[in-house]
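**Q** Sequence:
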Amino acid sequence: MARTPTTQRSTAEPAPAEQLPVTYRDTKFKARTLLPPSGGVLAVQGGEVATADPDEIAWLDRHPDFERAAE
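FYI, in full-length UniProt numbering the residues of the sequence shown are 1 to 71.
The reader is advised that the hints may include incorrect statements.
[Unchecked claim] Here are the simulated distance ranges between beta carbons:
| id | residue 1 | residue 2 | range |
| --- | --- | --- | --- |
| 1 | A70 | K30 | 17 to 23 Å |
| 2 | K28 | A58 | 17 to 23 Å |
| 3 | R32 | A58 | 18 to 24 Å |
| 4 | A70 | G39 | 27 to 33 Å |
| 5 | P64 | A31 | 27 to 33 Å |
| 6 | P64 | E18 | 15 to 21 Å |
| 7 | D65 | P21 | 16 to 22 Å |
| 8 | A70 | Q45 | 16 to 22 Å |
| 9 | D65 | E18 | 15 to 21 Å |
| 10 | R62 | V41 | 16 to 22 Å |
| 11 | A58 | T27 | 14 to 20 Å |
| 12 | T33 | A69 | 18 to 24 Å |
Note that these hints are calculated values from the structure, not bench results. All values derive from a computational prediction rather than experimental measurement. Idealized CB from N, CA, C, for every residue including glycine.
Could you build the full structure based on these sequences and the hints that come with them?
**A** This is the structure we're talking about:
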């Protein structure tokens with residue numbers, strides 16, 4: 001008995017595009033440790049901090065001590 005080829009369709013959703021890191025300039029400190037609400041830990045070094053986490057990016061965008069560095 002011959003088998004009929006079948007096409008399997010993936011039910012998985014496509015992986016989201018990977019977020020590129022965003023760098024921020026700390027306007028108050030050259031070095032400090034940040035504890036964003038996402039539960040992560042961010043280290044400011046040399047007056048800059050970078051993250052690719054969307055929640056941390058949103059938090060830093062709202063934080064008055066940080067501004068996005070020129071890309």
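**Q** If a hint holds in the structure, say so; if it doesn't, say that too.
**A** These are the hints, each one checked on the structure:
1. A70 x K30: 17 to 23 Å: holds, 18 Å
2. K28 x A58: 17 to 23 Å: Cβ of K28 to Cβ of A58: about 20 Å, so the range 17 to 23 Å holds.
3. R32 x A58: 18 to 24 Å: Cβ of R32 to Cβ of A58: about 20 Å, so the range 18 to 24 Å holds.
4. A70 x G39: 27 to 33 Å: Distance hint for A70, G39 holds at roughly 29 Å.
5. P64 x A31: 27 to 33 Å: violated, 19 Å
6. P64 x E18: 15 to 21 Å: At 29 Å between Cβs, range violated.
7. D65 x P21: 16 to 22 Å: 19 Å Cβ-Cβ, so the 16 to 22 Å window holds.
8. A70 x Q45: 16 to 22 Å: The hinted range 16 to 22 Å holds for A70 and Q45, with Cβ atoms some 18 Å apart.
9. D65 x E18: 15 to 21 Å: violated, 27 Å
10. R62 x V41: 16 to 22 Å: holds, 18 Å
11. A58 x T27: 14 to 20 Å: At roughly 18 Å between Cβ atoms, T27 and A58 fall inside 14 to 20 Å, so the hint holds.
12. T33 x A69: 18 to 24 Å: At roughly 19 Å between Cβ atoms, A69 and T33 fall inside 18 to 24 Å, so the hint holds.
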